[in-house]
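For the record, the sequence lines run as chains A and B.
The first sequence maps to residues 1 to 505 in this note's numbering.
The second sequence maps to residues 1 to 306 in this note's numbering.
Don't take every hint at face value.
Unchecked claim - Cβ-to-Cβ under 10 Å is the rule here; a few derived chain B residues that face chain A: (1) Pro120; (2) Ala172; (3) Lys186.
No wet-lab data here; the hints were simulated from the structure.
Keep in mind the model is a prediction, meaning the values are calculated, not measured.
C-beta atoms are modelled at their ideal positions from N, C-alpha and C, and glycine is treated no differently.
So you can see what is in the structure, the chains are spelled out below.
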Amino acid sequence: MTTPLLSLQGLTKAYPGVVANDQVSFDIGEGEVHALLGENGAGKSTLVKMIYGLVKPDSGTMLLRGQPFAPPEPRAARGDGIAMVFQHFSLFDALNVAENIALGMENPPPMGDLASRIREVSETYGLPLDPYRTVGDLSAGERQRVEIIRCLLQDPKLLIMDEPTSVLTPQEVEILFETLNKLRSEGTSILYISHKLEEIRTLCDHATILRLGKNVGECVPSETSARDMAEMMVGSTLQTPERSGREFGKVALDVSGLSVPSPSEFGTALRNVHLTVREGEVLGIGGVAGNGQDELLGILSGEILTTADAVKFNGQAIGNLGPTPRRKLGVLTAPEERLGHAAAPNMSLTENALLTGSVREGLESNGFLKWAETKSFAEKIIEIFDVRTPGPENAARSLSGGNLQKFVIGREVLQNPAVLVVNQPTWGVDAAAAAAIRQAILDLAAKGTAVVCISQDLDELMEISDSFAALNEGRLSAPRPTTGLTVDEIGLMMGGAHGMEVAHV
Amino acid sequence: MDLGEINPVLLVASLMVAATPLLLAAIGELVVEKAGVLNLGVEGMMIVGAISGFAISVETGSPWLGFIAAAIGGAVLSLLFVLLTQFALANQVASGLALTLFGLGFSALMGQGYVGIKPPSMGDIHIPVISDIPVIGPILFQHDPILYLGIALTALVWAVLKYTRVGLILRAVGENHDAAHALGYKVIKIRILAIMFGGACAGLGGAYISLIRVPQWTEGMTAGVGWIALALVVFASWKPWRVLLGAYLFGGITVLQLNLQAAGVAIPVEYLAMSPYIITILVLVILSADKSSAPASLGRTFHASH
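Only chain A is shown next, with the shape it has when bound in the complex:
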């Protein structure tokens, strides 16, 4: 057998209170696309940070082509041919593309030469980019191209990709895969981290599964079903959310002909948006982030006020009402950003329960707060939604992302909304918790609530929504029933591939 490109042997890294990686060993061969799978907190990020030299392992060794490899810093790892595309883009918004790329290189050529090399490489791999554009103005897909090209310019032997497809349209994913396949055929190895099991099945040669920091198994993804891989990740059988057939009632939420400029500088204005949701219906709204999702949520929640008639609830004009009067009527929302928007990070769960629950749950009287009732409301959320926390007195910040998400969704669900609007309800949440949240949304709809679910996870939308519409540059497509919708049709609704083309070399 040939020497693998990179061999990890017994890597261990502990942080106070948690062992992030415990004796992890596996090999990545030359020209192999190797998947790294695991739930949130399974230790994937720590592992790749060790390979990239950002974190030093407590024990264990790495061999690069049989030679001991222990990069003290990312610079050394880059020097040895290891490149990484980060999950949260490591880009600088105010700088231009060429400057961003120069920052990720060891010895960048002068700007003029670099710009022409960027053009050359980006065209070779079908990822066109203008080196002089400011990164802050680029779409998510284009930003990722910047990261990828930054890596490619250094002729990497191993390319690490952390959740690369979470922000892309299906067409963009296809083009990314063409590029990765081309790299593989040139002998580059790829370590690919993703939650999306179907992608891993089409792309990867080999998969390693981490659970709670341990290597719990390996498989060949193309020969293993997505469900089996998910169960290996979770370590137990997975519940698929069930949806019962149900009748829709009258129209609960009606938005017609709405055009609103964005309140933020880099935001997207909404243009002529129409939507109606009936009682008991789940409307899924897809689309790549930054196409007006935040603005749409703001309009439905009452954070952005419009003319009264633009938004109607049961026929009543509510467009000019703020969040609190809307909550009183039964229109509840759960925004995307958990820390800072849906929850106040430094306040306890009890206080956070009060913040949105006070109106409907009667948690205050004459300006005084009813702490006892609030605490029992928080405890009820924690119990029903299985939020893992020592108790409601803990700060929201101390909860893991998935647990806090269960809390903020549960907080709205338990207030018996007539209309519930959620944005990215399972963003960054592991499979088991995501299934629980989706089930809760479906149960709510079964009781007659009209639900609007904004999400970038298409599988999720297909699973829970009755009709589907997509946001693209602030325009909402006409909603269509979910049953029978194909991925191609969805991709077109989402606006296609934004000018990308398939690799042609």
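Use these hints to put chain B onto chain A, whose structure you have.
Structure of chain B alone, referenced to chain A:
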């Protein structure tokens, strides 16, 4: 009232002198803020520089040694800010205010024995031929070396930020310190160097007041120039040449209004005294209407979490 008493050549020449302390302090703070750090202690570092420079030049008789001591004094005081914000991860606003209060008190203590003394003067540069050109000569070519250093520093900071890798890394750290860290740049180290540069510049600016502009030592003699420098950086949209423009505008109107007061113009003195602030702010607000904005990590505490 006799506006004819105002000599335009002297006016322009003295506005450059009036602007230099502000320019030096502001260009230093610009570098600090470009690295993502908000140091509100400029006033404190200036006054400490003013007394350090004054004391050393009186003791040694050399204004040059005085300026070097002022730069060192400002930089050493900025190390206190480094300690608080980069290692103890304290709030930058509170630490900066503390630095100013500490600097004002500490300089008063150091300056006890220096009140009423005249420092050795630094001669003006006199270049044969060009210094003797009428009008242009006295305006541009008959100043002290530190004034030219201020202009040279502005040019240097502009060129380094725009054309060099060091400048690119500095901007990157100020723009997104997490990403810079992920790429392997030493965020804390770069910030410490930037803060010390800012301290040294503020110290020079302070010493320019006590050694050249005034020249004597009185308690609290920087009289808010450090605060104006802070505002200037913001209104100049973090652009070096605009800082120079703003500083000269402010210096110019300060000198002009003093001249107008002396000439007995029938405008109440209070209005004249506030005019430099109002006009500088107005002009720079109009200039900063373009889309350039603050470094995105400005004032945020960086802590490598892994």
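Hints versus structure:
no.	hint	verdict
1	Pro120	violated, 46 Å
2	Ala172	holds, 5 Å
3	Lys186	holds, 9 Å
The structure is inconsistent with hint 1 alone, although it conforms to all the rest.
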